[in-house]
Amino acid sequence: MNPRVVIIVLNWNGGRDTLACLESLKPVRRDDVEVLVVDNGSTDDSVATIRAAFPDLELIEVGRNLGYAGGNNVGIERAMALGAQFVLVMNNDTVCAPDVVDRLLEAAARHPRVGMFCPRIFYMDEPARVWFDEARWNSAKLCFSFPGKGVLASDRPAQDRDTDYASGAALFVRADVVRQVGSFDERFFLVWEEADWCYRARQHGWQSMVVPSARVWHRIGSSFGNESSPLRTYFSSRNRLVWLFRHGTFGERVRGLAVAARAAVPRWHVATEPNIALWRRWVWAGRDWLRAAAGRGERLDYLAKRRALLDFALRRLGPPPDFISGLNRRWSARRASQMSMTAP
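Take the sequence shown: its position 146, counted from the start at 1, is 146 in my numbering, and no numbers get skipped.
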């Protein structure tokens, strides 16, 4: 008898992506593989669209945005209640190969002490090029490095191998791990939560592994609008500190705080246009610096990093503050304006 698998797809105002993900899961579904959709308080028509296209799927409406961690935890709790032996958490902006669950189950049978598994994940717009194939902690840079990222799959090893964490874009976990370790820490909300989960599992003796024979394709950055948005910058900066103070060494924590503190001090930028008088450029630079130091202005990346450090210091974790949401709206409007100006 095959183990029972429950697949969780989290939706937040992403009906088109979610429909494509669920369509790719049609060949995967069977008596022992169930798909569960969790809606994270969408404000568009995606819930109605999903219900109309997949009326036979269970769809849980949370009613508000709990973030990646909180929304998936709702799904994980339901999966455990359904008797799942394995849970596959998938981003709604992914699609999978028809045999993805079979390949993951085979790997789980081969490696009984591995608790977290991850398929080989490819770029959606470059289907043969790898996006995630393993993660390694780089203490010198205080971040994870990703061997194989951007490389053709044909140039990467084909065997299963360990990884410091399994990507949350497609994370396959044993129910035993959930019972022993718990699920995502909702204080992260977005970003670094899967690395935290895998490291907490490691403390209980569970390894993490990439399974190259299992394949998933990912549209990058859909959750944030773009990987360089103030929202992404805020969560990446704040949650790295949270992660370091939970899993890093003393030296890594000190260096992490120093890096964050430097990023919280605005730099002096003088325009380089030769047709504008130097004194005027210095006046503009001073005005820009003072506005940034006061928490205003157009340096959205800096403002997001400064607020991230402040919120970490005050232990204000979880959802983004209204200030960051406002920065992200300004960034999105500016980006849309730039794109419209460059459109043919």
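Derived from the structure by calculation, the hints contain no laboratory data.
Take these hints with a grain of salt, some might be off.
As the list claims (entries may be wrong) - Listed next, the in silico DMTMM-like pairs over lysine to aspartate or glutamate satisfying Cα-Cα at most 20 Å (straight line): (1) Lys141 - Glu126; (2) Lys141 - Asp93; (3) Lys149 - Glu126; (4) Lys26 - Asp99; (5) Lys26 - Asp56; (6) Lys26 - Asp44; (7) Lys141 - Asp196; (8) Lys149 - Asp162; (9) Lys141 - Asp164; (10) Lys141 - Asp99; (11) Lys141 - Glu252; (12) Lys149 - Asp125; (13) Lys26 - Asp102; (14) Lys149 - Glu58.
As the list claims (entries may be wrong) - Just the calculated beta-carbon pair ranges, DEER-fashion: (15) Gly63 - Ser139: 16 to 24 Å; (16) Arg110 - Arg156: 31 to 39 Å; (17) Ile220 - Arg136: 36 to 44 Å; (18) Val265 - Ile220: 28 to 36 Å; (19) Trp137 - Gly318: 21 to 29 Å; (20) Ala264 - Lys141: 38 to 46 Å; (21) Gln180 - Arg267: 44 to 52 Å; (22) Glu61 - Asp155: 15 to 23 Å; (23) Asp45 - Leu310: 19 to 27 Å; (24) Ala333 - Glu23: 51 to 59 Å; (25) His111 - Arg262: 35 to 43 Å.
A quick note: this is a predicted structure, and the numbers were derived from the prediction, not measured.
Note that the Cβ used here is the ideal one computed from N, Cα and C, for glycine as well.
Do the hints match the structure? See the list:
Our distance criterion of 20 Å between C-alpha atoms is broken by Lys141 and Glu126, whose separation comes to about 28 Å. Between the alpha carbons of Lys141 and Asp93 the distance comes to roughly 29 Å, so the proposed pair goes past 20 Å and is violated. Annotation: proposed proximity of Lys149 to Glu126 holds, straight-line Cα distance about 12 Å (limit 20 Å). Taking the CA atoms of Lys26 and Asp99, the gap is near 11 Å; set against the 20 Å cutoff, the hint holds.
With a CA separation close to 12 Å, the supplied pair Lys26 and Asp56 stays within the 20 Å bound. For the hint linking Lys26 to Asp44, the alpha-carbon distance of about 24 Å lies beyond 20 Å, and the restraint is violated. Between Lys141 and Asp196, the direct Cα distance comes to roughly 18 Å. Compliance with the 20 Å bound is thereby established for this hinted pair. A threshold of 20 Å between alpha carbons decides the hint, and for Lys149 with Asp162 the separation of about 16 Å falls inside it, so the pair holds.
Proposed proximity of Lys141 and Asp164 is supported: the alpha carbons are some 15 Å apart, at most 20 Å. Restraint check for Lys141 and Asp99: the C-alpha separation of about 37 Å exceeds 20 Å, so the hint is violated. Taking the CA atoms of Lys141 and Glu252, the gap is about 9 Å. The hint holds against a cut of 20 Å. Among the hinted pairs, Lys149 with Asp125 is consistent with the structure: their alpha-carbon atoms are about 14 Å apart, no more than 20 Å.
For the given pair, Lys26 sits about 14 Å from Asp102 by alpha-carbon distance, which is consistent with the 20 Å threshold. Under the criterion of a C-alpha separation no larger than 20 Å, the hint pairing Lys149 with Glu58 is inconsistent with the structure, at around 35 Å. Checked against the hint of 16 to 24 Å, the C-beta distance between Gly63 and Ser139 comes to roughly 41 Å, which is inconsistent with it. A hinted range of 31 to 39 Å for the beta carbons of Arg110 and Arg156 is inconsistent with their spacing of about 19 Å.
Roughly 20 Å separates the CB atoms of Ile220 and Arg136, a value that falls outside the hinted 36 to 44 Å. At roughly 30 Å, the beta-carbon separation of Val265 and Ile220 lies within the given 28 to 36 Å, and the hint holds. Taken as a hint, the range 21 to 29 Å holds for the pair Trp137 and Gly318, whose Cβ atoms sit roughly 25 Å apart. Judged by the Cβ atoms, the range 38 to 46 Å given for Ala264 and Lys141 is violated: they are separated by roughly 19 Å.
Under the hint 44 to 52 Å, the C-beta atoms of Gln180 and Arg267, about 46 Å apart, fit the expected range. In this structure the hint that Glu61 and Asp155 lie 15 to 23 Å apart at CB is violated, the actual value being about 44 Å. The hinted range of 19 to 27 Å is not satisfied by Asp45 and Leu310, whose Cβ atoms lie roughly 37 Å apart. For Ala333 paired with Glu23, a C-beta distance near 32 Å fails the hint of 51 to 59 Å.
Roughly 42 Å separates the CB atoms of His111 and Arg262, a value that falls within the hinted 35 to 43 Å.
Checked against the numbered hints above, the structure violates hints 1, 2, 6, 10, 14, 15, 16, 17, 20, 22, 23 and 24; every other hint is satisfied.
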